[in-house]
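> Here is what each chain is made of, one letter per residue.
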Amino acid sequence: MRHGRSATLALAVALAAPHWAAAQSNDTKHEVEQLRQEVKELRQAVQELQQALKQQQQAKPAAAAAPSAEEKQLEAELQAAMPAATPTAAAAVAAVQPAAGKSSSILNPNISFTGDFTFLGTDNRQLNKANEFSFREAEVGFQAPIDPFARADAFVTVGEGESADVEEAYATFLTLPFNIQARAGKFRLAFGKNNTLHRHALPQTDRPFAEVVNFGDEGFSGTGVELSYLVPNPWDQYVLLTGEVVNGLDDAQGGGQGVPLDQPQAARALRDFAYLGHVQTFYDLNSDNNIELGGSALINLPKSGTQTKIYGVDLTYRWRPLRQAGYHQFLWRTEGYFTDEQVRDGGSSGSAAFQAPSFSLMDTATTNSDNNFNTDGFYTYGEYRLAQGWWLGARVDWTEVPAQRRQTWWGVYPYFTFAPTEFGYFRVGYQYAIQDELQNKESNRVWLQYDFSIGPHAAHPF
Amino acid sequence: MNAFFPSCRRLAIGAAGLLTLFGSFSPAAAKLYVVTTTPDLAAIAREIGGDKIEAESLALGTQDAHFVDPKPSFIVKLNRADLYIKRGMELEIGWAPVLEKGARNANVLYGGTGYVDASAGITPLEVPSGPVTRALGDVHPYGNPHYQLDPDNAKIMARNITDGLKRVDPADGAYFEQRLGDFDGRIDTKLAEWSKIMAPFRGAKVVTYHQSWEYFAARFDLQIIGNMEPKPGVAPSPAHLAQLITLMKAQNCKLIIKEPFYPENLTHVVAEKTGARVLVLPDAPGGAPATDDYFSFMDHNVKQVAAALAATKDS
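Chains as they are written, first to last, in this note's numbering: chain C, 1 to 462; chain R, 1001 to 1315.
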């Protein structure tokens, strides 16, 4: 019975197979035909696209293609139109601030490199590195969140002929309550505006004289802690209070912490630390104009050595018309320094960060003993953005030298900055300066500068 | 000298007083306060948030969103914000991080409940392939961030904003969802209308100042044959413009589109040499009169482009 059923089934399959095969064959033929047609259409489409692309490439501006006579003529005409149309200079602050880019790899910090290349031409051979090229500074930056609560920013700098130094390396604690933020590590002190800027972000090639005689030609970085408080107020005005404590004005002590010493050190008292207080306010006059006002006080009263109090005020006015085509803008900034030093124990100037600026004195000034010195200084500069990449500015300096009698520095410094992109700029400036303690007091200086940045370097503070 | 330390104590007491006085101060917050980097985001947030939110953009519609001054007054706004919305794709990389760092508001930082990247889910155009370096100009490694000019993308932006609003105000979730549905419906209706207006100009050739109209062109089938900028963020050079003029003449391109914040002089020189029209169009709401919401903004742009292309056809 079972065998009989199987035989019937086999017979049925045998009879049906040719019809099924024929049907399959027809379907396949049809499909193949369809595919053939589709391939033909696709081939045609590809050819059309290739042709179009070829035409486009032929027509498109190609940097390598030699310009035709007509193009050369056009270029000459456009060149003539350029001066009125092109001038620009991104805010030496803004344009020069390199923007960040995509992180090169997951979980790695953003790594950037900035270079500062200069030439100083001068008739005063008492200036360091006169009439020489200088790669003044190479800066490597590492920036990334540490965890959901804090981020880290570290900048290592190397000056030509100098050893590497940590310019800044700090953690910022972003999620503290009561509008408080904290920093710990080594950072540029929040004294005024200019001191917070890295060298490549400076609006001029050198730091203002008043800053140099108080903090040195690289400004003042200190190791310690900072607390800042964004003050809530009914007017929604920006009011920021900052307090910092750092080791002192003679900050840089070598050697490993905790390593045994031959002789015990003098006990460190609270007064040996340097304390800084800073208040910053900002007012939008309207969408195009704003004013920023700040006040700073830095106090270092060590048990022995020089007692230093430095007070500062800063005022910035910005005009940036947002409803006007183009990139015109204007910035004017002034900072005043008021220094009170009491030199004791035959010590040197307490403005100890005042170390031979690269362009200034060949020999460091000595000080009188048993003296109180009250010295003042200021700088003021204005710069106008002519067009997208061009800035024109001028700075005036005047300062008394702390812990010196009747010695002043003053100068005028017009300059011109061209920033083709945010990632690099050229600057040329002429500086006329008088520095009393030099044998040759007067100097004429021509500064040439090119700064560049590669990699994702976060924007600097406003 | 010692007088300094009693002063410190007084200062500390004063600071503690300030903390007590102002620490508890917060403005009456009946509505959610939404801060956006660009006006298109604020406009869409208003569509979704309705009367439950107050939305404010840091950049103006007339402003280049690549280069906004990170003013301290913006830090105050971010400090108060319940929700912070960014265009993303690194459009704001040069200025927003400074504000975020200073905001002292963990909710609006990346990873916080009040942080919205509106670009999530957008299909990016012009994602650079191969080595991405600044030799390409100021490129955006994640793709072209001007996606707000495609109305279809507005629906994705609205979805992301709705999700953000629901995170910070779950109680009004249904309200936001209902408004999202309404917004999407209106976008579909208007998109059909805008597509009809632009249909006669399919394949029309245009030049733009910056690479910001790619999504608009893709949506309405326009062909961008070149840019005034030789590379993104790089100012036009005479050599580049000479080649661009040749190209425009060869391809009979008669329209240059630029945003209000780009320089006019050279654009007009190129237009004069090629007989092209210059159309100044906003890339965000508020960049031209009566374009404060997303619909009027896109309406303005579509009708202006259509009118300009029609005029070039006639001429």
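The set of hints was computed from the structure by calculation and includes no laboratory data.
Some clues are possibly wrong.
[What the hints assert, rightly or not] Label pairs and their computed distance ranges (CB to CB):
1) R:Leu1125 to C:Gln237: 27 to 33 angstroms
2) C:Ala152 to R:Pro1170: 45 to 51 angstroms
3) R:Gln1304 to C:Trp319: 17 to 23 angstroms
4) C:Val225 to R:Asp1188: 55 to 61 angstroms
[As the list claims (entries may be wrong)] The list that follows gives simulated cross-link-like pairs (lysine-lysine, DSSO-like), each with its CA atoms no further than 27 angstroms apart:
5) R:Lys1313 to R:Lys1303
6) R:Lys1231 to R:Lys1205
7) R:Lys1052 to R:Lys1196
8) R:Lys1205 to R:Lys1052
9) R:Lys1196 to R:Lys1231
10) R:Lys1196 to C:Lys72
11) R:Lys1205 to C:Lys72
12) R:Lys1077 to R:Lys1101
13) C:Lys72 to R:Lys1273
14) C:Lys72 to R:Lys1031
15) R:Lys1249 to R:Lys1273
16) R:Lys1031 to R:Lys1196
For every residue, glycine included, the Cβ atom is placed at its ideal position computed from N, Cα and C.
> Checking against the hints above, which ones are violated?
Hints 1, 2, 3, 7, 8, 9, 10, 14 and 16 not satisfied by this model.
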